[in-house]
Amino acid sequence: DGGITQSPKYLFRKEGQNVTLSCEQNLNHDAMYWYRQDPGQGLRLIYYSQIVNDFQKGDIAEGYSVSREKKESFPLTVTSAQKNPTAFYLCASSIRQGSSNQPQHFGDGTRLSIL
Amino acid sequence: GQNIDQPTEMTATEGAIVQINCTYQTSGFNGLFWYQQHAGEAPTFLSYNVLDGLEEKGRFSSFLSRSKGYSYLLLKELQMKDSASYLCAVRVGATNKLIFGTGTLLAVQP
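Chains H and E are the protein sequences, given in the same order.
To convert, take the position in the first sequence, counting from 1, and add 340; that gives the working numbering.
To convert, take the position in the second sequence, counting from 1, and add 115; that gives the working numbering.
The set of hints was computed from the structure by calculation and includes no laboratory data.
No experiment lies behind these values; they were computed from the predicted model shown.
Mixed in with the good hints there might be a few duds.
Unchecked claim - Heads up, incomplete: computed chain E residues facing chain H, CB under 10 Å, no partners named:
#1 Tyr150
#2 Gln152
#3 Ala157
#4 Ser200
#5 Cys203
#6 Ala204
#7 Arg206
#8 Val207
#9 Ala209
#10 Asn211
#11 Ile214
#12 Gly216
#13 Gly218
To be verified - Covered by chain H, according to a simulated footprint, are these stretches of chain E (three or more residues, beta-carbon under 8 Å):
#14 142 to 149
#15 158 to 166
Glycine included, every Cβ here is placed at the ideal spot set by N, Cα and C.
Whenever a hint applies, use it, and build me the whole structure from the sequences.
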């Protein structure tokens with residue numbers, strides 16, 4: 341079945357450490373997105389990519405980095421510059437064009453905590 | 116700026132009907148989506164509106180008024196499993212990028 345796979349499900353980070361969250365999709369979608377969700381809050385966009393080898397900052401990109409070397413993969417690195425990284429991270433994908441009823445599809449998320 | 120408002124929490128009774136409202140002020144409106152999210156899980160797509168009017172899908176319906184910047188999600192015959200957060204999201208521009216509201220946490224009581 342097609343879908344989006346995020347790994348790991350739970351991740352712990354030590355102070356001053358970079359960590360990378362994996363996101364893989366086999367839906368043949370051009371566009372991919374990373375969101376952060378804090379308790380009781382909605383989804384805030386970190387980075388998004390409309391096509392391979394291209395990506396744009398979202399609303400809260402500081403302290404994060406991404407790459408898009410393959411269509412299927414969009415890993416997110418949480419750097420030591422992100423001072424409050426504890427959150428639920430969601431990856432999504434969609435077709436690129438916004439002219440249809442095709443929604444964004446989400447992975448199951450990665451919960452990141454600080455040790 | 117872009118802004119989407121939803122009530123923070125709502126409570127309803129099993130078997131009843133509940134309406135969750137969403138108002139938005141955005142530029143370049145190009146569709147509105149409703150998602151359901153159970154605690155600790157991924158959001159799942161419920162409905163989509165781009166033209167004014169009501170879209171019905173089983174126990175769930177969604178309404179849109181573009182002139183008023185207003186949408187609602189109607190849930191009928193509520194079940195305990197409907198206890199979840201409901202997210203309103205607006206697509207702006209020509210891409211599939213979405214702006215999300217903060218979500219409405221619905222508690223269904225026996």
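Taking the hints in turn, this is what the structure says about them:
no.	hint	result
1	Tyr150	8 Å, holds
2	Gln152	9 Å, holds
3	Ala157	4 Å, holds
4	Ser200	9 Å, holds
5	Cys203	9 Å, holds
6	Ala204	8 Å, holds
7	Arg206	5 Å, holds
8	Val207	8 Å, holds
9	Ala209	5 Å, holds
10	Asn211	4 Å, holds
11	Ile214	8 Å, holds
12	Gly216	5 Å, holds
13	Gly218	5 Å, holds
14	142 to 149	holds (count 3)
15	158 to 166	holds (count 5)
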